[in-house]
Structures are given as structure tokens and as C-alpha cells.
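Chains as they are written, first to last, in my numbering: chain A, 288 to 579; chain B, 52 to 439.
Rather than coming from a laboratory, the hints here were simulated on the basis of the structure. Being a predicted model, the structure only gives us computed values, none of them experimental. Take these hints with a grain of salt, some might be off.
Taking CB as the label site, the calculated pair distances span [said to hold, decoys possible]:
id, chain 1, residue 1, chain 2, residue 2, range
1, B, TYR276, A, ASP328, 45 to 53 Å
2, A, SER324, B, SER141, 46 to 54 Å
3, A, ASN420, B, TYR276, 41 to 49 Å
We put the CB at the ideal spot given by N, CA and C, even for glycine.
Residue-level listing of the chains:
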Amino acid sequence: MYKSILFLSLLFIWFSACRSNHENEQNPSGEIQLGISHTVDGNPLATDTLQYVNAAGNHYLVSEIQWFLSDLKLEREDGKMVEPTDDMAYYIDTDLPESRSIVLRNLPDGNYRALHFTFGLNEENNRSGLFVNPPESFMFWPDYLGGGYHYMKLNGKWINADGLAEPFNFHLGIGQEYDSSALKSSYIRPNDCCAANHCEGYKPPSKMMPVRAFIQNSFEVTLSQNFVVRHGMKTKLEIEMKVENWFRGKHVYDHNRWGGSIMQQQAAMKQGLENGLDVFALHVTSISDVAK
Amino acid sequence: MWRSRQLLFLFFLGMLLTACRRDKDQPIYNPVPYQIDIPFGFPTKLNIPSDNPMTEEGIALGRFLFYDGRLSGRNHPDSLMSCGSCHVQSRNFEAGVDHPLFESGFVHGLNGQQTHHVMLPLVNLVWNHSGYGWNGFLYPENPNPGLRNIEDFVRLAVQAKDEMDADTSRVKALFQTLPGYPELFFNAFGTEKITFKNMERAIAQFVRTLISANAPFDRFLRGEYQLTASELNGYVLFTTEEGADCFHCHGGGGNPLFTTHLFYNNGKDSVFVDSLDRFAVTGDPMHRGAYKAPSLRNVAVSGPFMHDGRFETLDQVIDFYAHQVVYSDLIDPLMHHVLRGGVQLTPQEKTDLKAFIATLHDENFLTNPAYGPPAYFPDESFKSDSHD
Numbered sequence: 288m289y290k291s292i293l294f295l296s297l298l299f300i301w302f303s304a305c306r307s308n309h310e311n312e313q314n315p316s317g318e319i320q321l322g323i324s325h326t327v328d329g330n331p332l333a334t335d336t337l338q339y340v341n342a343a344g345n346h347y348l349v350s351e352i353q354w355f356l357s358d359l360k361l362e363r364e365d366g367k368m369v370e371p372t373d374d375m376a377y378y379i380d381t382d383l384p385e386s387r388s389i390v391l392r393n394l395p396d397g398n399y400r401a402l403h404f405t406f407g408l409n410e411e412n413n414r415s416g417l418f419v420n421p422p423e424s425f426m427f428w429p430d431y432l433g434g435g436y437h438y439m440k441l442n443g444k445w446i447n448a449d450g451l452a453e454p455f456n457f458h459l460g461i462g463q464e465y466d467s468s469a470l471k472s473s474y475i476r477p478n479d480c481c482a483a484n485h486c487e488g489y490k491p492p493s494k495m496m497p498v499r500a501f502i503q504n505s506f507e508v509t510l511s512q513n514f515v516v517r518h519g520m521k522t523k524l525e526i527e528m529k530v531e532n533w534f535r536g537k538h539v540y541d542h543n544r545w546g547g548s549i550m551q552q553q554a555a556m557k558q559g560l561e562n563g564l565d566v567f568a569l570h571v572t573s574i575s576d577v578a579k
Numbered sequence: 052m053w054r055s056r057q058l059l060f061l062f063f064l065g066m067l068l069t070a071c072r073r074d075k076d077q078p079i080y081n082p083v084p085y086q087i088d089i090p091f092g093f094p095t096k097l098n099i100p101s102d103n104p105m106t107e108e109g110i111a112l113g114r115f116l117f118y119d120g121r122l123s124g125r126n127h128p129d130s131l132m133s134c135g136s137c138h139v140q141s142r143n144f145e146a147g148v149d150h151p152l153f154e155s156g157f158v159h160g161l162n163g164q165q166t167h168h169v170m171l172p173l174v175n176l177v178w179n180h181s182g183y184g185w186n187g188f189l190y191p192e193n194p195n196p197g198l199r200n201i202e203d204f205v206r207l208a209v210q211a212k213d214e215m216d217a218d219t220s221r222v223k224a225l226f227q228t229l230p231g232y233p234e235l236f237f238n239a240f241g242t243e244k245i246t247f248k249n250m251e252r253a254i255a256q257f258v259r260t261l262i263s264a265n266a267p268f269d270r271f272l273r274g275e276y277q278l279t280a281s282e283l284n285g286y287v288l289f290t291t292e293e294g295a296d297c298f299h300c301h302g303g304g305g306n307p308l309f310t311t312h313l314f315y316n317n318g319k320d321s322v323f324v325d326s327l328d329r330f331a332v333t334g335d336p337m338h339r340g341a342y343k344a345p346s347l348r349n350v351a352v353s354g355p356f357m358h359d360g361r362f363e364t365l366d367q368v369i370d371f372y373a374h375q376v377v378y379s380d381l382i383d384p385l386m387h388h389v390l391r392g393g394v395q396l397t398p399q400e401k402t403d404l405k406a407f408i409a410t411l412h413d414e415n416f417l418t419n420p421a422y423g424p425p426a427y428f429p430d431e432s433f434k435s436d437s438h439d
């Protein structure tokens, strides 16, 4: 009796092993290793060294870049979208090497033609309280300014008109439209802020800044590039952030005009964001056996 | 099949019997695990080393040791010193500017030598993953296994010339002779033989329970308290770049620790000569003059302020950020108001900012008896009546 049970269970294990093998053949899957790089003028970003000049002629340095990449999607040759991960957002930090490498597993085999993501966090996801753990939580965007999280903090210094190295915080997130006719000391009703649901988890403050409306600034990025995913193979892709492009393109962004802080200057953020459409590029770096 | 069931039964019977026998002869080592309740909005990731899980027994022992002056390895009334000699609960576990012994809050060790920096508070340390000490010299990934966590601070505080200036083997030998302690060590760690390692573990466990999360601002986050007009205005100032611009380093609604536990040069000086700044840990010349941004919880009672204690009052600190920020190549980019000399607050704005910082004052934390000195120590339990 004992022996026969043993035999049956062995048989069962053998069968199920067999079946899962079979499934794999029907649904072959591969892997993508997605690297994130930050470059200036085609070279890897060198932090804290005053060696860059932007389109406006500002000499500048970059100390660190911290940002969110979210809603990652892969587009197949036939236009079908693949959601390669359950992770809604990735925090990327020039100081944290591990944050610059994303592994996507169990991807359907085939030919792909594009990668899509949201720069920052989309309106629905960008709520205060979403992240409680650092480093993500350190990206919080104050509720008075719209709540949620910074899409990006790009911190550095530029040589200002007086020849001094002045700090700039190129911080992007939800913008505000201020009531310019209101006195600085006047406020709007809390519901005007929380109608947008950005105060989730908080009791709405009874007094607010004279903000008329909040402006969602995150944008979708589409990077067209052919790549393949093959069963048992690892495809290495790289998303490149071309830092200098934040400051050129549709607008020539001049630090002397906007100064060191822009979280409360929608006009400045808008310039950056519109330039942002040309900031990213996708490269296929290699394809190899998963084992390698 | 039947036979194996019989065996199982015998096995359990055996276990039961031996368990009973142990009960008669010696106490059972069966510590109760301690779970930290995560307060609203706080991080869920805790910095608890895997070889020192928290237990009720470990914490209880740690509290005795934290406050027992014989931690200095000596008995003489003149040479007693414990963690609690400097880390005073009512002063946010610093000495405070009004300490009877340490003038203006500048602490010194048993031999009179002043510490290199002023104190840091012991508040919500279990959420710090980036480094203990003003320059973060103790951090979990440190290649040196002796410089990684609060456990190591215990050893360093006991040995330091400017603190207890004691010898760890003498300390553990002394505690071995104090009636009551060996039993507590057994309850916490399963052995009556006292090791200094277990002393470190117990104290660190206690320090990790020191949690402040019930200030008016916490109640505001939970929807139980409404900030006053002045406090709200202060909150707006605190969390806006065009206001006082404190939040990038000191947190806010989305980071209720009120610190990032990261290291910044906040523009106090233009020349940097301190040998124990952040540069001393990282070797990166960009980190000269950088220190950890301390939590602003209960900060009003824990002067003097900054690593060198240069400011005695919160008003002075606010004036500094408003008007006295100094330019250097090394200033952190987040101090982007530097060329204006600071964030330029009006007297009313300073009042409001201070009113907001006062909402981080957690009276419950500063008076909670569980964090305070025990009424008596294990070897003097007979005194308990008179103390209670």
C-alpha cells in the first residue's frame, strides 16, 4: 500500500513536471534587462563637475537626478501592448546603481517595435501617501502644491549672471495656477484642493494658498525601436536620459530667467516638460543567453 | 503507517515529559516577540539587524541597562554613568540646554572630556537606514562589521574617552555580580552568562522602541486635529520653495520622520575644518562640511543646535535659515536661496514657522513612563515600595 502511494505520487510529479514543460513550449518567454543611463552631450553624466554648457549658454553642473518612471509598456510588432511588470513605478537615482537596472521576466516571445512609459506618475496614481518607504517617500510633493510626488529632482548649480555658482533645483511635478489677484495672505477653500483627491489620507487643511487649480504635468514617452524577445535569451535595452535636452528643444531654458526653484513656477516647469519629449532614447545593447 | 503514528505519539509524550521536567528544575527560555506598530504614514521598513530580533524581555533588560549608572563598569557614586546620564527623555533624549551638569547642553564624559559634537536625539531611530552619528559613520553596509548599528553605539559609548571611558569586560563582569541581572539576561537571551554583546543587543532593542508619533501634527495627518491658522501658515512655509523651504531635507506630510537621515552642507560656514564631517566617512571632498539633517520632532527641547551646538534657541536657527546662510562651493544645491543669504522670512512668517515646528512636539513621547528610568534596578527590588 505504502509503496503504491509512493509510486503514484512520483508518477504525478513526473506528469505535472511534464505538463509545465509543455506549457512553456506553448508560451515561450524571454527576459529583458532594462538599464537606465544619464548622459550629457553624449557622454555619461559626470556629477559635481562644472563642465557643461546648456543651449542658453549657462555653464552648469549636475549633482544628482532622482525620478520616477512608471506605467511601463512594451509594444509588439502587431501593435499589441504587453505590460511587462506588476510594478507601477520605478524610482531611479543617479546615486543608486541598483535603481538603474530593471529586470523584466516571462515576456512573450516575439518582435517588438516600441517601449512606452510615463515620465513621473500619472494623475490617477500620483496621490499623497502612495509611498511610505524611502527613497520613494523622500520624493513627496507638498500637498499645498498639488500633492503626490516629484516626477524628478535634478539638482545642480549654474554660473549666474554675476559669475557665481548658484544652486538650481530643476524639480518637476504637479503645477499650480495661482490667483494673482488674491492677496498673498488670502486662501482658497480646502475642497478646491481636495476635489482633485490629492489630499488622500489627510484631513484637508482649512486654509490653503491662493491656488486656483492644479496642473498635471506628467507625460507619456514613446520610444520607437525594434527589439526581439526570445525564449531563453536576455535582451538588454537601455533608456537614455539626455540631460542637456531638458534645457533645449521647443524652448531654450535659461536658468538666469527662472532661478533656482521652479516648483511654484508652472511656466518654467512647462518649458522643461515640453522639452522633455526629446529627452529620452532607447538603445538595444545586446541579446544573449539568459545564463550569461 | 500505524507504527509511525505510535512513534509520533511516543515522541510527543517524550517532549511533554522533558518539558515538564525542565519546568521544575530551571526557568524556560521563551521570550515574547515584540512587534513595532507602524504609525500612520510612517515607513514600514525597519532597521533591525537579523541577529537581534526584538523581544519584550530584551527591551525590559535594555531599559534597565540604559539607565543603570554602573554601565560605566564602576560602583562608586562619583563614577556612575549610563546612556540616560546624557540622553534625557524630557529633552528628546539629549541633555538639553538647561542640564544641571552639562552647561548649555555640551556634554562630557566621566573624565571631563567634552564630546567632539553635541548630542543627537534618540527618536524614531529604527527608521534610519542611512547612518547613525552626525556623519553617519555607523551604517548597515559598513565593511567594518563593528560599525553598523545601534548595538555598536553601545560599545562605543561605553569605551569612549569622552563618554564612559570604560572597559567592556569589566562592565560585563560587574553586571554578572549584580543579583537579578543574570536572570534577566536568561529571559532575554537564554543564558545567564552575561556577554557584552548581549548587553549591546538589549540596549539597542530598547532604543528602537523610542518612537514619537503622537504630536499634534500626527493627529492632523490622522484627521484628529486641526492646525491653527498660524500653524497652517507655518506648514505651508515649511513645505514650499518660495516659503521657508525646509521640506526637501526635513520632511513633511509625505515624510513624517521629519528628516531624510541624509547628509547635507546647509551653508553655515565657508571654511571646513572639522575632522569628523561626512567627508571623514565617504572620503568624497564634496562632502566636507556635510552632516546629517536631524529630525525636527521635539526639536524645540533638544538644543543646542547643529553638530557644534552653535545655536542655543530655535529662533536663532530660524534666523540663520532666513538671513545668515553662507555661500561656499560645497553648499548643497537644495539650499538654493543662498545667494539671497537665506529664505528671507518676515517676523510674522518666523512666528508661524516656529508655531508649525511646535506641532512636532510630542508630549506623550517625552513623558511616556515606558521610555523613562525604571523605579528600581534588578538588584534593589526591595526598594520598589518606596519608589512606586
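A quick look at each hint next to the structure:
no.	hint	result
1	B/TYR276 / A/ASP328: 45 to 53 Å	holds (52 Å)
2	A/SER324 / B/SER141: 46 to 54 Å	holds (52 Å)
3	A/ASN420 / B/TYR276: 41 to 49 Å	violated (25 Å)
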